[in-house]
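We have chain A already, so just place chain P on it with the hints.
Chains as they are written, first to last, in this note's numbering: chain A, 1 to 387; chain P, 1 to 624.
Check the hints yourself; a few may be wrong.
To be verified - What the simulated footprint calls covered on chain A by chain P, stretch by stretch (three residues with Cβ under 8 Å from a Cβ of chain P suffice, anywhere in the stretch; the number is not a length):
#, region
1, 275-284
2, 290-303
Stated by the list, open to error - Here are the computed distance ranges between Cβ atoms for each label pair:
#, chain 1, residue 1, chain 2, residue 2, range
3, P, Gly-509, A, Gly-205, 32 to 40 Å
4, P, Ser-71, A, Leu-137, 24 to 32 Å
5, P, Gly-509, A, Gly-266, 52 to 60 Å
6, A, Val-208, P, Thr-219, 41 to 49 Å
7, A, Leu-184, P, Arg-338, 56 to 64 Å
8, A, Leu-359, P, Arg-116, 43 to 51 Å
9, P, Thr-219, A, Arg-214, 40 to 48 Å
10, A, Val-242, P, Arg-482, 31 to 39 Å
Quick caveat, the hints were computed from the structure, so don't treat them as lab data. Since we're looking at a predicted model, the values are computed, not measured. Glycine included, each C-beta is placed from N, C-alpha and C at the ideal position.
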Amino acid sequence: MVTQSTDERLDEPDEVVELVDDTGKSRTAVTSAPQWKLIWWRFRKHRLAQIGLIALIVMYLAAAFAGFIAPFNTTSYSGEHAYHPPQGVRFSFAEGFYVHPTTSEVDIESLERIFEPDTSEFVNLGFFVRGDSYRLLGLFDSDVHLFGPEDPDERWYPLGGDRKGSDLWSKILYGSQISLSIGLVGVSISLILGLFLGGISGYFGGWVDTVIQRVVEIIMSIPTLPLWLGLAASVPPDWGPVPTYLMITVILSLVGWTNLARVVRGRLLQTRDEDYVIAARLDGVPTNRIIFRHMLPSFTSHIIASVSLAVPAMILAETSLSFLGLGLRAPAVSWGVLLQDAQSVNTVATAPWLMFPGLAVVIAVVAFNFVGDGLRDSADPYGKRST
Amino acid sequence: MIRRRRHPRRDVGRELDEAAVTADELASPDAVLDIRGLQTVFRSDEGVVRAVDDIDLVVRRGTTTCVVGESGSGKSATARSIIQVVDVPGQVEAGRILFRPDDSRPAVDMARLDPRGEAIRGIRGREIGLIFQEPMASLSAVHTIGNQISEVLELHTDLPPAEIRDRVIEELRSVGIPRAEERIDAFTFQLSGGMRQRAMIAMALIARPSLLIADEPTTALDVTTQAQILDLLGDLKRERDMTMIFITHDLGVVAEIADDVVVMRHGKVVETGPVDQIFHDPQHDYTKELLASLPQRHSATRAVVTEPETPPTTTVGGSADESVRHTAPDVTPLLSVRDLRMEFDTVSGALFGRKRKEKVVAVNGVSLDVLPGSTVGLVGESGCGKTTLGRSIMRVYQPTAGEIRYRSGDGTVADLATMSEKQLLPYRRAMRMIFQDPYGSLNPRMTVQQVIGEPLRVAGMAQGSELSDRVADMLDRVGLKRAMATRYPHAFSGGERQRIGIARALITGPELVIADEAVSALDVSVRTQILELLAGLQSELGLTYLFVSHDLSVVERICDRVAVMYYGNIVEEGSAAEVFEDPKHGYTRALLSAVPIADPRLRGTRERIVYRPDDVPAADDEAA
Numbered sequence: 001m002v003t004q005s006t007d008e009r010l011d012e013p014d015e016v017v018e019l020v021d022d023t024g025k026s027r028t029a030v031t032s033a034p035q036w037k038l039i040w041w042r043f044r045k046h047r048l049a050q051i052g053l054i055a056l057i058v059m060y061l062a063a064a065f066a067g068f069i070a071p072f073n074t075t076s077y078s079g080e081h082a083y084h085p086p087q088g089v090r091f092s093f094a095e096g097f098y099v100h101p102t103t104s105e106v107d108i109e110s111l112e113r114i115f116e117p118d119t120s121e122f123v124n125l126g127f128f129v130r131g132d133s134y135r136l137l138g139l140f141d142s143d144v145h146l147f148g149p150e151d152p153d154e155r156w157y158p159l160g161g162d163r164k165g166s167d168l169w170s171k172i173l174y175g176s177q178i179s180l181s182i183g184l185v186g187v188s189i190s191l192i193l194g195l196f197l198g199g200i201s202g203y204f205g206g207w208v209d210t211v212i213q214r215v216v217e218i219i220m221s222i223p224t225l226p227l228w229l230g231l232a233a234s235v236p237p238d239w240g241p242v243p244t245y246l247m248i249t250v251i252l253s254l255v256g257w258t259n260l261a262r263v264v265r266g267r268l269l270q271t272r273d274e275d276y277v278i279a280a281r282l283d284g285v286p287t288n289r290i291i292f293r294h295m296l297p298s299f300t301s302h303i304i305a306s307v308s309l310a311v312p313a314m315i316l317a318e319t320s321l322s323f324l325g326l327g328l329r330a331p332a333v334s335w336g337v338l339l340q341d342a343q344s345v346n347t348v349a350t351a352p353w354l355m356f357p358g359l360a361v362v363i364a365v366v367a368f369n370f371v372g373d374g375l376r377d378s379a380d381p382y383g384k385r386s387t
Numbered sequence: 001m002i003r004r005r006r007h008p009r010r011d012v013g014r015e016l017d018e019a020a021v022t023a024d025e026l027a028s029p030d031a032v033l034d035i036r037g038l039q040t041v042f043r044s045d046e047g048v049v050r051a052v053d054d055i056d057l058v059v060r061r062g063t064t065t066c067v068v069g070e071s072g073s074g075k076s077a078t079a080r081s082i083i084q085v086v087d088v089p090g091q092v093e094a095g096r097i098l099f100r101p102d103d104s105r106p107a108v109d110m111a112r113l114d115p116r117g118e119a120i121r122g123i124r125g126r127e128i129g130l131i132f133q134e135p136m137a138s139l140s141a142v143h144t145i146g147n148q149i150s151e152v153l154e155l156h157t158d159l160p161p162a163e164i165r166d167r168v169i170e171e172l173r174s175v176g177i178p179r180a181e182e183r184i185d186a187f188t189f190q191l192s193g194g195m196r197q198r199a200m201i202a203m204a205l206i207a208r209p210s211l212l213i214a215d216e217p218t219t220a221l222d223v224t225t226q227a228q229i230l231d232l233l234g235d236l237k238r239e240r241d242m243t244m245i246f247i248t249h250d251l252g253v254v255a256e257i258a259d260d261v262v263v264m265r266h267g268k269v270v271e272t273g274p275v276d277q278i279f280h281d282p283q284h285d286y287t288k289e290l291l292a293s294l295p296q297r298h299s300a301t302r303a304v305v306t307e308p309e310t311p312p313t314t315t316v317g318g319s320a321d322e323s324v325r326h327t328a329p330d331v332t333p334l335l336s337v338r339d340l341r342m343e344f345d346t347v348s349g350a351l352f353g354r355k356r357k358e359k360v361v362a363v364n365g366v367s368l369d370v371l372p373g374s375t376v377g378l379v380g381e382s383g384c385g386k387t388t389l390g391r392s393i394m395r396v397y398q399p400t401a402g403e404i405r406y407r408s409g410d411g412t413v414a415d416l417a418t419m420s421e422k423q424l425l426p427y428r429r430a431m432r433m434i435f436q437d438p439y440g441s442l443n444p445r446m447t448v449q450q451v452i453g454e455p456l457r458v459a460g461m462a463q464g465s466e467l468s469d470r471v472a473d474m475l476d477r478v479g480l481k482r483a484m485a486t487r488y489p490h491a492f493s494g495g496e497r498q499r500i501g502i503a504r505a506l507i508t509g510p511e512l513v514i515a516d517e518a519v520s521a522l523d524v525s526v527r528t529q530i531l532e533l534l535a536g537l538q539s540e541l542g543l544t545y546l547f548v549s550h551d552l553s554v555v556e557r558i559c560d561r562v563a564v565m566y567y568g569n570i571v572e573e574g575s576a577a578e579v580f581e582d583p584k585h586g587y588t589r590a591l592l593s594a595v596p597i598a599d600p601r602l603r604g605t606r607e608r609i610v611y612r613p614d615d616v617p618a619a620d621d622e623a624a
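Isolated chain A, as found in the complex (with noise of 0.2 Å):
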């Protein structure tokens, strides 16, 4: 009587077979599959959010060996080459790469510099060049560059030098080590701040609730700007680029816990009245482990998705600052930085290619936009796909 029960009829529910197709598994490989396989699985369907982490593990890979990529590093200038437009690279089978060497000559008229490509002279360019010297990872010290002029002392711009004759795409790759990585430190503070705060808030309500969702208004009713201007200003202009660096982490960060702390909140009120948290009490579960090993799991997918939302806004958020001069300062490189010099419209006129930075921000924003949006579609393997 008791073992004779598997002939029930439904034999398989409608949810396996909508995630065998899915997520293209086998059956048996997703009965039994944990959580991150399922979201992995789904994840790896969204085509958007492939592209988007492809770029993105471009461009972290590109901060972290910046020193190899660039040609050239960030104190290296020439002042005879300020504003020179971007060269492209040519091939020649007797020459291999090259570019043309530059004379600058001032138009008298328009006190405009123009760039005169000398044909007959040749830059050679090549492959693991030795350059300016650099520190690898913080670790090795080497000259070794990716791409660049064979001879150290010849200048190459592949996107256009800036103001002081520095190579912009070298500038960049540095910039993108402060800018990539401020997003995800000062998502990693709020995101300790919001679970912290958003979970005492959520799971014992009450007054405590109470006091901190309000705090959490008032932050989120102050206009941000004015606030991170008050708080940057603060800084002051003599420390070093290392302080005002994780002084503006900080800054950023208790702005942004604040939403972190209400999806945390709300997750965890949601959950609260499961049945399966019931029914985790009646097992006789103490509350600790009820919060972190029934409660937590369920929509840890729903943070990370949150989180790769964030981080975005805590990019653009330095870059904002950074451009009117309250964040960092030069000589430390960000991108927010680098825009700095494309302020005027004048200058934006003539080089244009002082933009090229706000491109990098643009691209890494979409990225992990992409990135946020296909995990959170992935997130919750068992609801149905919003698309």
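Okay, now just chain P, sitting in the frame of chain A:
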């Protein structure tokens, strides 16, 4: 809500002409609806689902045809295909739907009409009325019911507004809505479930359709409300000479109202026939199976609970002896609840005004004894406090007042009502709970092994291989395979999940199990299997059940004693036989008279009793 696109009348005429079929093609001259070879297919990039797979169906004029089947059998998809409102990406791919509104007119093949065209919209609402399962979801929350019903007339007639309003009031009155001239301006949330469904019926019938399609119209309602709605539909059908297609999963309802029955399974029709033949001489095995799994009220088959072949192996707590089950009054109760009271605070009041704290009394001083080895049923309609009572006993809630006396194996009696969470721990292993929702009660992020093993793990009662052995044994017991332990709940069907829930409840070797609507969410055939499993486990392990349910037939089938709850009070308590054969309280009588009897031959043999107490905040009809 409804987009109005005025095509020239000529187009509609032409479309109808093209779809017209001579009456000779109908299967029988008195057919209102004649469906042949209907196929509705849901195509998406994830695969093809044949929701309706080549079905034939004839509905005779003036009859009620019931389409019955379990979830996923394609009965709703059939109804939606008839009026061409299949949800995207579904599509009617083949077949003919011949519809002949009255004898004097030619039949129309609705499958050939443009699903978004003017012609079909002239039929929907005017010629064919529709009632859906969930009145809250199918009525708009931001329009008054009057506006929504008027719209049907505005679309299909040229009556002036004042006349329309009069017609709507009249219609509301005829579906039994008291004070119709006030209720016409009510919003859906101001009406009770039964009233909403009445409004929905008024909306479906106001244009005097010749065919009414009702898709599970009473499933979301309490049994007494269901009885009223069924009576109303029956009366209206007679008065107006309507034809009705009634879709349901409940064979009891079928027996009450059907003339013809269509049994569906997996998108196919397995059997059609007159109601008497379906119930008394079913041909198809599936129909027989459905009927066999039906808990019969007033039937001699109370001993469905078959005893296991093997003698009971363990006796935890009480004895599994049959003589103990039919209890002698002098046995000390395992659980005795005294004057239990459970109040909830609700905060109401305006946004800026002073907040008023109001108390909702969910359980109002209830006393109940549960004898060891017995099964006590707790029945009542939604909102009567039966679930709250069950949960208060489990100490999910902290009761406001009263005692929950529990007698442990060694004879000591303890009051659970005032204990701290820590003191409760040993009792949490002796008293276990089975939840209603097989989907929500299992953590989707934990494997079956983890879910079932959790209570043992946190109590430190077993670890490592011992834990997995005990979980595997328990899986065996509840009829699942041992290898399933590594799977996640999403890999199981509803019935299997409920088995997992039972395994979790029993892993600690409990004495008392509170089953809160444990089988309500399941299909009939699965329900029977779960009930058999529970009964088997009871005699094997000597369990005591407190069975909370709204389903009287289930309670009658498995319970020794029954307590009937009404608005937080137990109004009647006694042995199952006493309560069901000779109910004392008016509410119990009303409740029993409302339960559909699954035998068409007994139709109309008993009187419907309506319970209207003076002192209680009243039932459906009076609630505004």
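Here is what the structure says about each hint:
Given a C-beta distance limit of less than 8 Å, the hint that chain P covers the region 275-284 of chain A holds, as 9 residues qualify and 3 suffice. Counting residues of the region 290-303 of chain A whose CB lies closer than 8 Å to any CB of chain P gives 3, which reaches the minimum of 3, so the coverage claim holds. For the hinted restraint 32 to 40 Å between Gly-509/P and Gly-205/A, the CB-CB distance of approximately 35 Å keeps it satisfied. The hinted range of 24 to 32 Å is not satisfied by Ser-71/P and Leu-137/A, whose Cβ atoms lie roughly 58 Å apart.
The given range of 52 to 60 Å is broken by Gly-509/P and Gly-266/A, whose C-beta atoms sit roughly 39 Å from each other. Distance hint check: the CB atoms of Val-208/A and Thr-219/P are about 42 Å apart, consistent with the given range 41 to 49 Å. A hinted range of 56 to 64 Å holds for the C-beta pair Leu-184/A and Arg-338/P, which are about 60 Å apart. Hint check: Leu-359/A to Arg-116/P, Cβ distance near 46 Å, so the stated range 43 to 51 Å holds.
Distance hint check for Thr-219/P and Arg-214/A: the Cβ-Cβ separation is about 44 Å, which falls inside the suggested range of 40 to 48 Å. A hinted range of 31 to 39 Å is violated for the C-beta pair Val-242/A and Arg-482/P, which are about 58 Å apart.
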